[in-house]
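Undergrad: Please build the complex by placing chain B on the supplied structure of chain A, with the hints as guidance.
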Amino acid sequence: MPISRLRHRLWAALAGAGLLVSGCANPGVGSDRDDPTAPVTLTFWHGWSTPGEVKALNDSVARFEKRHRNITVKVVPNVTDETMNQALRAGGSDAPDVVSSFTTNNVGQYCSSGMWADLDPFLKKTGVDKKRVFPKTLLDYTSYRGRQCALPLLADSYGLYYNKDAFKKAGITRPPHTMSELKRDAVKLTERTEDGTYRRVGFMPDFRLYQNSPDRMFAQWGPRYFDAHGKARLAEDPASKQFFATARALVDAQGGYGALEKFRTTFGDEMSSQNAFLTQKLAMHMDGEWRGLMLKDAKAPFHWDTAPMPVPDDRADTYGRGYLTGTVLGIAHSSRHQNAAWELVRYLTTNTDQVVRFANAIHNVPSTKAALKSPKLDADPTFRTFLDIAQNAHSVALPPSTNGGQYVTALQDFSYAVEAGKVPDLAKGLRGLDAQIDADNLQSEN
Amino acid sequence: MATTTPAPALRRKRTRARLRTLGFLSPWLIGFSVFFGYPLIATVYFSFMHYNQIRPPAFVGLRNWRYVLTQMPLFGPALWNTLWLVVVMVALRVVFGLGIGMLVTKIKSGAGFFRTAFYVPYLAPPVAATVAFVFLLNPGTGPVNEILGAVGIPAPSWFNDPDWAKPSLVMLSLWGIGDLMVIFMASLLDVPKEQYEAAELDGAGAWGKFRYVTWPSITPIVMFAVVTGVVQTMQYYTQALVAGKLASGVSIGPGTVIQPGYPDHATLTVPQLVYSLGFQNFNTGAACVLSLVLFALAMAVTTLLMRKRAGLLAAED
Chain A
1 MPISRLRHRL
11 WAALAGAGLL
21 VSGCANPGVG
31 SDRDDPTAPV
41 TLTFWHGWST
51 PGEVKALNDS
61 VARFEKRHRN
71 ITVKVVPNVT
81 DETMNQALRA
91 GGSDAPDVVS
101 SFTTNNVGQY
111 CSSGMWADLD
121 PFLKKTGVDK
131 KRVFPKTLLD
141 YTSYRGRQCA
151 LPLLADSYGL
161 YYNKDAFKKA
171 GITRPPHTMS
181 ELKRDAVKLT
191 ERTEDGTYRR
201 VGFMPDFRLY
211 QNSPDRMFAQ
221 WGPRYFDAHG
231 KARLAEDPAS
241 KQFFATARAL
251 VDAQGGYGAL
261 EKFRTTFGDE
271 MSSQNAFLTQ
281 KLAMHMDGEW
291 RGLMLKDAKA
301 PFHWDTAPMP
311 VPDDRADTYG
321 RGYLTGTVLG
331 IAHSSRHQNA
341 AWELVRYLTT
351 NTDQVVRFAN
361 AIHNVPSTKA
371 ALKSPKLDAD
381 PTFRTFLDIA
391 QNAHSVALPP
401 STNGGQYVTA
411 LQDFSYAVEA
421 GKVPDLAKGL
431 RGLDAQIDAD
441 NLQSEN
Chain B
1 MATTTPAPAL
11 RRKRTRARLR
21 TLGFLSPWLI
31 GFSVFFGYPL
41 IATVYFSFMH
51 YNQIRPPAFV
61 GLRNWRYVLT
71 QMPLFGPALW
81 NTLWLVVVMV
91 ALRVVFGLGI
101 GMLVTKIKSG
111 AGFFRTAFYV
121 PYLAPPVAAT
131 VAFVFLLNPG
141 TGPVNEILGA
151 VGIPAPSWFN
161 DPDWAKPSLV
171 MLSLWGIGDL
181 MVIFMASLLD
191 VPKEQYEAAE
201 LDGAGAWGKF
211 RYVTWPSITP
221 IVMFAVVTGV
231 VQTMQYYTQA
241 LVAGKLASGV
251 SIGPGTVIQP
261 GYPDHATLTV
271 PQLVYSLGFQ
281 NFNTGAACVL
291 SLVLFALAMA
301 VTTLLMRKRA
311 GLLAAED
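Sequence order for the protein chains is A and B.
According to this note's numbering, the first sequence is numbered sequentially starting from 1.
According to this note's numbering, the second sequence is numbered sequentially starting from 1.
In isolation and in its complexed conformation, chain A is listed as follows (with noise of 0.2 angstroms):
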């Protein structure tokens, strides 16, 4: 075969792959054309596995369908982000039309990669005030510059839960409010057995703990991840230094690192009997306003009760702030009945009654600024601690960013090498991490 023959099929094969791959790439693109009101199937992805929380989402679902008959939702439960993010991405005819995420650190991502769909047009139409209807910091989680691809599906805040047996043995008056208060006070809880090995931590600060994640505890520092430019700023804030320097002298005071992991090993499942501060090998312990519920059912043979997570000495003022982080609703970019799936997001999300009802049947802090203010949501008041909690003016929550939480994980690596004692120049360290952050958003950019 003469070169020049060969050459040219080379070449046409070598487009012809490229074609190919290229081809492979194209997404599927969902319509805003469809009649709300014609007869239509809806696929809806939801997180929540728990038997109570499932039935709590049907429940709203069937209520749903009650006012729109021409509407049917098919629920599935218990789809992780994972599973969403690559179904969305492959698309097919059984892509889900409304989707959810338990955690708001992908939003960024969601908006910025068109996966979920722009709701402002939906919000427009439909004459839905976001402002007026959602908390602020609610919709800045839901949003990412500029663009509202998801909303608020109840809300989830932060606070700390104590053993009051175990405070009344140990003479503790009431929770702590300052960090410094709590190294004392987790000192005092903390009991060993004979052999010196612990029977009960004051407070396990170790960040692999159940929902200790760094991110959440360094929220009570009110921290500013990135400049107005998105450049990571962690280095130059001297939150960080406080915060790290907390957390390891927390670990020091109650024997140290090795011990406490040591300890950690023989904790059950967060979502178990033996959950730690269940079985009261931890007298104080960071967790989300759900805790409660699943405390009061499983009978917690001592007393119990909630406070907001203690604040830095220096910022004493700021106490009744926490961590706030929430389940984001959103239309699948590759629906093609975007008007129906927007009738069901709009009624789940924006409905007060329905938000009331959703939010005392799962005990999760409602999202709109009327259900937070509703006299029919539960009055208990280890539950109203998370409400005031959400409501603080001081209280934060993790800002969007365009390759979804890789900049939490990068901070979680970075946090468990400091917990662990492996960074010994933390300045150094933190700038890093900085570098770390924007390499990766950078890669994650267009």
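Derived by calculation from the structure, the hints in this document are not laboratory data.
Accuracy of the hints is not assured; some may be wrong.
[Unchecked claim] Some chain A residues flagged as far from chain B (calculated, every beta-carbon gap over 12 angstroms): (1) PRO36; (2) PHE64; (3) SER180; (4) ASP227; (5) PHE244; (6) ALA370; (7) ASP380; (8) ARG384; (9) ASP388; (10) LYS422.
[Stated by the list, open to error] If you anchor each label on the Cβ, the simulated ranges turn out as follows: (11) B:PHE59 to A:ALA417: 32 to 40 angstroms; (12) A:GLU65 to B:GLY61: 45 to 53 angstroms; (13) A:GLY196 to B:VAL88: 45 to 53 angstroms.
[What the hints assert, rightly or not] Stretches of chain B that chain A covers, calculated by requiring three or more beta carbons in the stretch to come under 8 angstroms of a beta carbon on chain A: (14) 49 to 57; (15) 134 to 140; (16) 282 to 290.
Positions of the beta carbon are idealized from the N, C-alpha and C atoms, including for glycine.
TA: Positioned in the frame of chain A, the structure of chain B alone reads:
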């Protein structure tokens, strides 16, 4: 006078022969093209693209390569762990598999029981086996450390200790040695007995018989075990991921994304990083770069092992 076939008839005959050959080859050709050729071309293509699996790919030159090779701190530990496992795990598995194979071929009574007992762990699903090992080796509540403590032996933290996490994975792989034991046992039983008798007559001892009779006979099988072991270990994923996640004790809920590799990146392998980049962060370009690095490494190691006269594993001339 010799007759010649007319040219068109000859061409038709040759074409028919070519089509027949292609027909016989087609199952392999299709499989190779669909499951190897196309993915390889696509991987090279996407390694130069920014592609988040939603928007159309955009050409970014060498940016993905620069990111992986110079800006991703986890690349170094992942590569080191993968190579560590390739060297240590593969070598120990071959030695252990051969040792167990020799043992069970020597056993006279109860051979069937012992062969089954050594083979059965291999049938355990990898996730279940890993969960069991993490439970048994839990430093706080595991029975292994309780027994070690009772007899006064200092107990390590196994999967919770960066220095012990990889050796613990090696222990897990040695427990499931049944696959190698079976092929070594078959190859050992295949060595002609007359050769051992001749070696004995020449005064060879146990080592001499192994060195000059057994080893030359089973070299191709050892070669097979090493090469497949290297390729499998380059793809080591499930056990390392499950062990790391379970031992970390981090709650994994619907909204949780955690970095694999607990503790201290000790169980992070390149395939885990590929998955994390490609299907958690949707950084397809960087994931493709990592895949190509892994592919090049696997090719290099395999070529090195398979070249003629490669030390002990050289094929006999």
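Undergrad: Each of the hints needs a verdict: does it hold here or not?
TA: So, going through the hints one by one against the coordinates:
Under the 12 angstroms C-beta cut-off, the non-interface status given to PRO36 (chain A) relative to chain B holds; the minimum distance is some 25 angstroms. Consistency note on PHE64 (chain A): stated as away from chain B, and its beta-carbon is indeed over 12 angstroms from all of that chain's, at 22 angstroms minimum. In this structure SER180 (chain A) is separated from chain B by more than 12 angstroms, as the shortest Cβ-Cβ distance comes to about 28 angstroms. Consistency note on ASP227 (chain A): stated as away from chain B, and its beta-carbon is indeed over 12 angstroms from all of that chain's, at 20 angstroms minimum.
For PHE244 (chain A), the shortest C-beta to C-beta distance to chain B comes to about 17 angstroms, beyond the 12 angstroms cut-off, and the non-interface label holds. With 12 angstroms as the threshold on Cβ separation, the claim that ALA370 (chain A) sits away from chain B holds: the shortest Cβ distance comes to roughly 26 angstroms. At the 12 angstroms boundary, the C-beta of ASP380 (chain A) stays outside the reach of chain B, the nearest C-beta of that chain being 24 angstroms off. Every CB of chain B lies more than 12 angstroms from the CB of ARG384 (chain A), the least distance being 25 angstroms, so the non-interface label holds.
Distance to chain B confirms ASP388 (chain A) as a non-interface residue, since its nearest Cβ pair spans about 24 angstroms, more than 12 angstroms. Taking the minimum C-beta to C-beta distance to chain B, about 7 angstroms, the non-interface status of LYS422 (chain A) is violated against the 12 angstroms cut. With their beta carbons about 36 angstroms apart, PHE59 (chain B) and ALA417 (chain A) fall inside the hinted range of 32 to 40 angstroms. For GLU65 (chain A) paired with GLY61 (chain B), a C-beta distance near 52 angstroms keeps the hint of 45 to 53 angstroms intact.
Taken as a hint, the range 45 to 53 angstroms is violated for the pair GLY196 (chain A) and VAL88 (chain B), whose Cβ atoms sit roughly 36 angstroms apart. Coverage of the segment 49 to 57 of chain B by chain A holds [criterion: at least 3 residues with CB-CB distance below 8 angstroms; count 8]. With 3 residues bearing a CB less than 8 angstroms from a CB of chain A, the segment 134 to 140 of chain B meets the requirement of three and the coverage assertion stands. With a cut-off of 8 angstroms between beta carbons, the segment 282 to 290 of chain B has 3 residues touching chain A; three or more are needed, and the interface restraint holds.
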